[in-house]
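Chemist: The task is simple: from the sequences and hints, build the whole structure.
Order-wise, the sequence lines are chains A and B.
1 is the number of the first residue of the first sequence in the working numbering; add one for each residue after it.
384 is the number of the first residue of the second sequence in the working numbering; add one for each residue after it.
Some hints here could point you the wrong way.
[Unchecked claim] Dumping the calculated DMTMM-like pairs for lysine to aspartate or glutamate here, alpha-carbon to alpha-carbon at most 20 Å:
#1 Lys335/A to Glu304/A
#2 Lys509/B to Asp311/A
#3 Lys86/A to Glu130/A
#4 Lys417/B to Glu313/A
#5 Lys469/B to Glu304/A
#6 Lys2/A to Glu422/B
[Stated by the list, open to error] Computed from the model, here is a short list of chain A residues facing chain B with C-beta under 10 Å:
#7 Glu304
#8 Ser305
#9 Met309
#10 Asp311
#11 Arg374
#12 Lys377
Calculated directly from the structure, the hints in this document are not laboratory data.
Keep in mind that this is a model prediction, so the values were computed, not measured.
The beta carbon of each residue, even a glycine, is placed where N, CA and C say it ideally should be.
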Amino acid sequence: MKVYLDNNATTPVAPEVMDEMAGAMKIFGNPSSLHQFGVRARHIVEEARSRLAAALGCSEEEIIFTSGGTESDNLAIRGALKNTEKRHIITSAVEHHAVHNTFNELGKQGYELSRIGVDSNGVLVAGELERALREDTALVSVMLANNETGAVQPVREIVPLIRETSPGAVIHTDAVQAFGKLDFNVKDLGVDLLSVSAHKINGPKGAGALYIRKGVKVKHLVSGGHHERNIRPGTENVAGIAGLGKAAELAVPLKAGVIEKMKSLKQRLIEGVREKVDNIRVNGDPENTLCNTVNISFNNVEGESVIMMLDMEGIAVSTGSACTSGSLEPSHVLKAMGVDPVAAQGSIRFSMGKYTTEEEIEYLLEQLPPVILRLRKMSPLEG
Amino acid sequence: MKSTLRAGVYNQVKKVAVALSGGVDSATALFLLKQQGYEVVAVFTDYFGCAESSRESSCCAPGALSRARATAAFLDVPFYTLDLRKEFKEEVADPFADAYSRGITPNPCVVCNSRLRFSLLPEKLKAMGIEVLATGHYAALKGTRLFRGADKKKDQSYFLYRVRRENFKKIIFPLAGMLKQEVRRMARRESLPSSEEAESQDSCILSGRTLQGYLKDKVKLRKGEITDKEGALLGEHCGYQNYTIGQGIGLGGMAKRLYVYRVVPDLNRVVAAERKDICRDSVEFRYEEELFFADEGMRVEAKLRSTQEPADAVLEKVESERKICKLRFREPVWAPAPGQSAVLYRDDEVLGGGVIQPPFDAR
Chain A
1 MKVYLDNNAT TPVAPEVMDE MAGAMKIFGN PSSLHQFGVR ARHIVEEARS RLAAALGCSE
61 EEIIFTSGGT ESDNLAIRGA LKNTEKRHII TSAVEHHAVH NTFNELGKQG YELSRIGVDS
121 NGVLVAGELE RALREDTALV SVMLANNETG AVQPVREIVP LIRETSPGAV IHTDAVQAFG
181 KLDFNVKDLG VDLLSVSAHK INGPKGAGAL YIRKGVKVKH LVSGGHHERN IRPGTENVAG
241 IAGLGKAAEL AVPLKAGVIE KMKSLKQRLI EGVREKVDNI RVNGDPENTL CNTVNISFNN
301 VEGESVIMML DMEGIAVSTG SACTSGSLEP SHVLKAMGVD PVAAQGSIRF SMGKYTTEEE
361 IEYLLEQLPP VILRLRKMSP LEG
Chain B
384 MKSTLRAGVY NQVKKVAVAL SGGVDSATAL FLLKQQGYEV VAVFTDYFGC AESSRESSCC
444 APGALSRARA TAAFLDVPFY TLDLRKEFKE EVADPFADAY SRGITPNPCV VCNSRLRFSL
504 LPEKLKAMGI EVLATGHYAA LKGTRLFRGA DKKKDQSYFL YRVRRENFKK IIFPLAGMLK
564 QEVRRMARRE SLPSSEEAES QDSCILSGRT LQGYLKDKVK LRKGEITDKE GALLGEHCGY
624 QNYTIGQGIG LGGMAKRLYV YRVVPDLNRV VAAERKDICR DSVEFRYEEE LFFADEGMRV
684 EAKLRSTQEP ADAVLEKVES ERKICKLRFR EPVWAPAPGQ SAVLYRDDEV LGGGVIQPPF
744 DAR
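Modeler: In structure tokens form, the structure reads like this:
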């Protein structure tokens, strides 16, 4: 049996998306061309834009297509800062590396950083943000939901705070993990900039978008032609964009039925693990984490070994962000939550997707306990 | 090809891990075991951080990891990378640089095999539920006794003598009965991704650099004197750590070619001598009891470095208290280097060995 529980790393491409992309690849014209070859390609791009706009609750001209979440985050943060003289920027301690490391680099370039801490559930401490806000704050970037723990951040709640104290600040949120798994629309959230990625919602890799609220200025990071309103030059990735549009459309019904289904699977997973394995800690408050994400620290085991042993049984999970799995460093997210570094080494992320079944969760609950037991027996950490 | 695997013993075994290096030997070992019906997984031990994708093409043997991965994918076998960076640094790399600083010549592959590959790695695999490990070494096992492989020229048993014998219980060497050219031919016939890989000559620790290039970053190199045995100045060197006994020294104006006779770290001095002085008719080595299976008076073949032909010798004296053994050669041998291993053979069996000690007259 093959069980894929690493949907926060990436998701299987939906068959409907594949069909859409296969069709789009036959339309080889350049969307900027004036002849009919170009016009047909342009139509595909614009249809995708309108599908994505509908899914996010914004208008078409507020969408800029990019190569994915990382580029969207970079474009949002660096592109917005190009339009201001202010040098103070704020983010949370638990951002994805695309934001986290962008802030690190900006810090080296002379920007003044404030990094807001999180509580033991991984949720931003609003009071700390309030104290950090200044009149000369240029930008605030706080993710909508965390990729490692699934913790949902109070973005909607902090927007009024920021508007009051720092009226000129641009507000960005990385919604790459939240999109499709959390019911939101951009107008409700009230943010200025919002990043999404196709491959986290059963779309293709290499396609993403940035929502830019009407009136907010973002400057291009690479120079070129007039594509995407001069903000993102380069001939459009037509098939990728078509895939993103279709995936976004499919993600709208996902919000209703599938979210409920995943919630009950998540509950079963947590209950099952608690029942069968002792000495664990569920990271994040299950009431306030994404419907598909469960992060558990298993004391006295190494996460890496758990992954390999489960893999041999056909089950795919991860220790944290796929982007950090090559490094030995404990996750900065769990560290910020105050998880003991040794316990953090034994942390496993289970992330479900829209194709996950009850049977698969039961299979995991059968296979996991003996793996943990076996590793604990071998562990030098065992007291 | 004759089968090198004992039927019955391992056929009960559920899973075998094959350690892939990215080379043709381990790839062929994996192919053979898979063909014989074992449930195999491939593992790559990452000693240098190769798995960090940004470094993949520039670490150890460039491309080793990607070739290993490609081999596993080609044979449709699960592939795992095990991060042993910290352990490799502590057990192998740091002592390697340290040995040169003490004026002796280290054997990093011997250390790696005994401390990591055939001890820590099986432990890690056992924790994952895999009891048996296979590698692409040219060496043979009978029970827990270690022998030369069928390919005497490629034989790698020298590098394995320090592995504890009980650790051999769960080891398979699928290439034990094969010649290198047979392995290469088989890899080509099967179109294995590493079938055309050139033989790697250097220790992986150098990552393709010269020893000098490697040491430059690890130890402080200072200029010093090159003298003859009586202490007369012959020239200048740029760091004693770069020298190993027997190494040729290019000094202009000398009638005869000179070689490193001795390295004296305390004086930052390299002593040079003529060819005849570098040869010795005996050496002493220090052994470990658990790794020594020969008796005083025994006639053996002794191999004093991995690239040297074995020499006929007699175990002249075994001092069990000091754990020192004296070997006397039938004919003088070239440049035994303190720090290198003397490995004893009789009828292709490895009878153990030990670390060569500095000679009396060089202390």
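Chemist: Does each hint hold? Answer for all of them.
Modeler: Results for each hint:
{"no.": "1", "hint": "Lys335/A to Glu304/A", "verdict": "18 Å, holds"}
{"no.": "2", "hint": "Lys509/B to Asp311/A", "verdict": "15 Å, holds"}
{"no.": "3", "hint": "Lys86/A to Glu130/A", "verdict": "18 Å, holds"}
{"no.": "4", "hint": "Lys417/B to Glu313/A", "verdict": "19 Å, holds"}
{"no.": "5", "hint": "Lys469/B to Glu304/A", "verdict": "15 Å, holds"}
{"no.": "6", "hint": "Lys2/A to Glu422/B", "verdict": "17 Å, holds"}
{"no.": "7", "hint": "Glu304", "verdict": "7 Å, holds"}
{"no.": "8", "hint": "Ser305", "verdict": "6 Å, holds"}
{"no.": "9", "hint": "Met309", "verdict": "5 Å, holds"}
{"no.": "10", "hint": "Asp311", "verdict": "7 Å, holds"}
{"no.": "11", "hint": "Arg374", "verdict": "7 Å, holds"}
{"no.": "12", "hint": "Lys377", "verdict": "8 Å, holds"}
In terms of the numbered hints stated before, the structure departs from none.
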